[in-house]
Amino acid sequence: MRVSRCGFAILLWTVSVGAPAIWPAAANAQETSKPEDTRASGGAAAESKSAPGRAPKDIPVVNPCKAAHPPSYCNVRN
Amino acid sequence: MSETDDTPRTDDAPRRSSGDVLARLLSYLVAVTTILGIPIGLYGYYASQQANRVNRTFDFYKDFRGDGLQKDFSLLVTRWNEKSAQADGFLKSDDFTGLSQLAASLLQTDETQTALSRLILFFDEAYSCVDKSLCDNNAAFALLQNPADQIFSMYGSYLETVRQQHPNYADGIVKVRAMTKSWSLL
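Chains as they are written, first to last, in this note's numbering: chain A, 216 to 293; chain B, 113 to 298.
Keep in mind that the hints were calculated from the coordinates and are not lab data.
Please note: incorrect hints may appear among the correct ones.
Stated by the list, open to error - Cross-link-like lysine-lysine pairs, in silico, DSS-like; alpha carbons within 27 angstroms at most:
no., chain 1, residue 1, chain 2, residue 2
1, B, K195, B, K183
2, A, K281, B, K183
3, B, K174, B, K244
4, B, K174, B, K293
5, B, K244, B, K293
6, B, K287, B, K174
7, B, K204, A, K281
8, B, K287, A, K281
9, B, K287, B, K183
10, A, K281, B, K195
11, B, K293, A, K281
12, B, K287, B, K244
Said to hold, decoys possible - Just some of the chain A residues that point at chain B, by a computed CB distance under 7 angstroms:
no., residue
13, D273
14, P279
15, P286
Stated by the list, open to error - Just the calculated beta-carbon pair ranges, DEER-fashion:
no., chain 1, residue 1, chain 2, residue 2, range
16, A, I274, B, S205, 21 to 31 angstroms
17, A, P285, B, Y155, 35 to 45 angstroms
18, B, D171, A, L226, 32 to 42 angstroms
Positions of the beta carbon are idealized from the N, C-alpha and C atoms, including for glycine.
Here chain B stands alone, though its shape is the one from the complex:
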């Protein structure tokens, strides 16, 4: 009776041990892939979020390079370039009051005022997007900082005069112009 009880145990022992090894091996495999999978998955998630922010910023850039805003920007630059000799003269003689009056005179027409207003609105929206982390700071810096800097360089004296009465006026242009590169993934 005892012999018949022992026989199945000796047959089953090697099968059980090989099954245990396989199960243990798989459990290690699961543990390792879980440990690696969580950070890789998180990185993938944050990378896709980052890509969305960059795409949103690029949409702003496409709007800026679109027909409407590009014409506005070109108009302001063209008007400024027409008076570049005068502006250069004021700069050489450190006559900043004259420079300020020149910028203000260029913005007297409805056409230039409308163009500047549209650009101010655009940069306010673009900066708001970056400020709320819906757009990417570095992409905005790469694509929009230079145009904002050019607008402020030309018409900054006028913008600063208005900002003394209305501190939030043209905030977007000022903030986008002051942007710096930053490390951000989250």
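In isolation and in its complexed conformation, chain A is listed as follows:
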């Protein structure tokens, strides 16, 4: 009877300590595999973005909302 109480206590202790430790570790293991996928699928886009001639296409030369007197539509927030 005493052995079963001790055994139950040890089991409960193992589960209560082990579960919080294993769960985030398993979640992290899944997450660490994702950057490789990202690199595989989005790597080409990231490389081409830094290629010469690509970056200026993505940036407006003139930004009206950063002008000294911005138009009224720049204040629209909702």
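Got chain A sorted already, so can you dock chain B onto it with the hints?
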């Protein structure tokens, strides 16, 4: 008879007391680990939920940086940059009507209209994801707020004109542009 009864009691007493100490020690251990384990477990759960939201947001960002939407975005920026001298002139003379007409003229072609429509749809979906707490607000702010702000800066006058008739038009761009950082774990 009484001697034979007493003898086993004196032998059993130390064994029982050491067993009781062990059991008590283990029960304390269980209590302490339960008290610590519940918050740690909850934190792990919410952290994994948060990670899922960030991943979903990053998927949106990958879509945005994918070939289709990136071309649309680049087309709108290129068309705007081609007329940057005119836009600068209108801004310097505070001619906002001229600026509005310029933006509208750039969106006259099917190509630019389609590009803008695709971007509007994308930002509507992205904001809907954040609004329903399926995507992470801070990740969306970090990854998508700047492009939304650029689109609205260039073509905001046109978008605002349409929004006067259809208030929900391009809501995603406006809302993503207005995003701020927030503390959120739940």
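Check: Is B/K195 within 27 angstroms of B/K183, Cα to Cα?
Finding: holds (19 angstroms)
Notebook entry, point to check: Within 27 angstroms, alpha carbon to alpha carbon, are A/K281 and B/K195?
Noted result: holds (17 angstroms)
Note to self: Hint check: B/K174 vs B/K244, CA-CA at most 27 angstroms. Holds or violated?
What the structure shows: Between B/K174 and B/K244 the Cα gap is close to 20 angstroms, so the pair holds against 27 angstroms.
Notebook entry, point to check: CA of B/K244 to CA of B/K293, is that 27 angstroms or under?
Noted result: holds (16 angstroms)
Notebook entry, point to check: Was the hint right that A/P286 lines chain B, CB cutoff 7 angstroms?
Noted result: Result: holds, 5 angstroms to nearest chain B Cβ.
Next item on the list: Please work out if B/K287 and B/K183 have their alpha carbons no farther apart than 27 angstroms.
Entry: holds (23 angstroms)
Notebook entry, point to check: Regarding A/I274 and B/S205, is the given constraint of 21 to 31 angstroms on their beta-carbon distance met?
Noted result: For A/I274 and B/S205 the Cβ distance comes to about 24 angstroms; the hint holds.
Check: Can the hint on A/D273 be confirmed by a CB-to-CB distance to chain B that is less than 7 angstroms?
Finding: Since chain B brings a Cβ to about 6 angstroms from A/D273, closer than 7 angstroms, the hint holds.
Notebook entry, point to check: Hey, does the A/P279 contact hint survive, CB to chain B under 7 angstroms?
Noted result: holds (6 angstroms)
Notebook entry, point to check: Are the Cα atoms of B/K287 and B/K244 separated by 27 angstroms or less?
Noted result: The hint holds at about 13 angstroms.
Checklist line | Hint consistency between B/K287 and A/K281 [alpha-carbon to alpha-carbon, up to 27 angstroms] | finding: The given pair, whose Cα atoms are some 19 angstroms apart, holds under the 27 angstroms limit.
Margin query: Would the hint linking B/K204 and A/K281 be met if the CA-CA limit is 27 angstroms?
Written below: holds (12 angstroms)
Hint check: no violations occur; every hint is consistent with the structure.
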